[in-house]
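Whenever a hint applies, use it, and build me the whole structure from the sequences.
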Amino acid sequence: MNTAKIYSEFCEYVEKHYTSVNTQRAYIRDVGHFLDETTTFDEDHINLFIFKLYKKGLTNRSIRRKLSSISLFLNFLKKNALIAKNPLEIMEKPKTEKNLPKFLDVDDVVRLLEKIDNKRDRALIELIYSSSLRANEAVSLNVEDVDFEHLRIRVKRKGSKVVYVPITNRAKTHLEEYVDKRKRGALFLNRYNKRLSTRSLQKIVKKYAMQSIFKDISPHTLRHSKATHLLNSGMDIRLLQRFLGHSSIRATQIYTHLNLTQLAKTYDKTHPLAKNNNEK
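Everything in the sequence shown is counted per my numbering, starting at 1 for the first residue and increasing by one.
A portion of the hints provided could be inaccurate.
[What the hints assert, rightly or not] Cross-link-like lysine-lysine pairs, in silico, DSSO-like; alpha carbons within 30 Å at most:
#1 Lys16 / Lys78
#2 Lys79 / Lys52
#3 Lys183 / Lys119
It is worth saying that the hints were derived from the structure and are not from the lab.
Below, the structure is given as structure tokens:
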């Protein structure tokens with residue numbers, strides 16, 4: 001495909017079918033930027049282009065406008081039998097009113113963790129942050145789901161999908177102290193030796209946060225915080241997508257509100273607390 005020729009023909013098409021000069025300029029400019037980034041028009045490359053727009057600081061509203069221009073271009077290609085389909089027709093677009101998630105900075109996380117002297121609560125909150133778990137994922141864990149030898153846990157995610165998620169040595173240490181000699185059954189127990197509920201988990205997180213950092217947070221705040229810290233430390237967004245269990249990379253792109261640094265080579269290198277695994 002001769003991209004320059006196709007782009008020129010598209011510009012002629014826009015100028016012929018749209019009378020507003022501003023509309024013409026917007027379509028032509030947006031598609032020109034898109035073609036500067038890629039000449040492959042599948043969903044993965046479009047997602048990568050969207051990610052780059054987020055990195056540049058564009059709002060969801062601006063990105064949706066650009067995607068509208070690109071969709072027009074892809075329909076133009078489809079009409080001329082240059083592509084079989086327009087991927088944007090089935091792709092979910094960025095939500096215009098999507099708010100950034102609340103997150104803690106690393107210092108806040110450290111203060112929060114160091115304030116906890118209860119073995120269960122320390123192991124619980126260490127693990128949620130370590131593996132960026134959802135509240136229901138954490139309380140649904142069983143002792144046998146923890147693979148201490150290989151530093152991982154077996155997690156049941158949305159749609160009953162079961163995956164292995166890494167944990168840090170810090171989380172392992174506190175889990176071992178809490179689990180002690182138990183071999184199976186619910187991992188986190190309440191005072192009646194029954195499985196801890198999500199409601200109780202929410203109260204536990206809120207209690208320690210208010211005592212240590214004077215902030216009203218939820219377990220999901222810890223998940224958002226870990227995701228933010230990993231991305232800001234250099235983790236590739238597609239690796240982060242798998243780590244968080246997002247079915248679409250669009251759900252992961254909300255964490256791109258911080259500046260990115262170099263690509264992380266391993267999980268431990270991206271974990272803010274993993275540098276001192278022996279600390280408690």
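These are the hints, each one checked on the structure:
{"no.": "1", "hint": "Lys16 / Lys78", "result": "holds (18 Å)"}
{"no.": "2", "hint": "Lys79 / Lys52", "result": "holds (28 Å)"}
{"no.": "3", "hint": "Lys183 / Lys119", "result": "holds (17 Å)"}
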